[in-house]
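Produce the complete structure using the sequences and hints provided.
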Amino acid sequence: MIALRTALATDIPAMEALIARSGIELSEGYYTPEQAQAITRHVFGVDTQLVADHTYFVIEQAGELLACGGWSKRATLFGADRTKQGADPLLDPATQPARIRAFFVHPQAARRGLGRQLLEHCSNAAAAGGFHRLELAATLPGVPLYRACGFSEIEAFEIPLPGPIKVGLVRMGKDI
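First residue of the sequence shown? That's 0 in numbering that gives the first Met the number 0, and the numbers climb one at a time after it.
These are calculated hints, taken from the structure and not from any lab test. The C-beta atom is built at its ideal place from N, Cα and C for all residues, glycine as well. Worth double-checking, as some hints may not be accurate.
To be verified - Derived CB-CB ranges, DEER-like: (1) Pro88 / Glu33: 17 to 23 Å; (2) Pro106 / Pro12: 15 to 21 Å; (3) Ala86 / Gly28: 33 to 39 Å; (4) His53 / Pro163: 20 to 26 Å; (5) Gln84 / Gln107: 33 to 39 Å; (6) Leu7 / Leu76: 20 to 26 Å.
Here's what the structure looks like:
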């Protein structure tokens with residue numbers, strides 16, 4: 000049986016392992032191996048503020064983590080703890096969009112609707128929190144999922160990573 004639940008601090012090591020595997024394997028065909036390695040090493044990972052805010056979730060089956068992802072009522076658009084610089088202020092639900100953050104699926108569980116299930120759960124939770132819009136920074140492998148779930152592209156941009164590597168992302172949004 001597949002279960003969706005709120006992520007706990009004790010889940011962090013398993014989530015980090017899932018994120019690393021997903022970041023490398025599911026980037027194939029979208030990013031070069033060097034780009035996939037760099038973004039996984041320097042950007043992807045758990046944002047423990049989401050875990051503390053109880054807005055990060057896991058999907059598991061028989062105790063095995065299959066997916067993780069969340070939403071945020073804070074200003075950070077993407078990235079793990081190591082990419083944050085300073086405070087992460089709360090957003091105003093009346094005027095600012097909630098963030099969809101850090102969605103990762105185990106490669107062997109990809110394309111089984113788990114990302115869509117997490118996204119629906121997060122959208123409903125953000126709406127219950129008073130938000131009327133969602134925004135996210137999608138990796139190129141994530142763009143098809145978000146597009147299929149009603150998100151529109153706002154802008155494409157690149158982030159510089161150590162060395163001569165740049166990685167493309169797409170800022171996307173959706174009214175809820």
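Now the hints, each set against the structure:
1. Pro88 / Glu33: 17 to 23 Å: At 34 Å between Cβs, range violated.
2. Pro106 / Pro12: 15 to 21 Å: holds (18 Å)
3. Ala86 / Gly28: 33 to 39 Å: holds (37 Å)
4. His53 / Pro163: 20 to 26 Å: violated (40 Å)
5. Gln84 / Gln107: 33 to 39 Å: At 35 Å between Cβs, range holds.
6. Leu7 / Leu76: 20 to 26 Å: Because 24 Å falls inside the window, the suggested range holds.
The structure is inconsistent with the numbered hints 1 and 4, although it conforms to all the rest.
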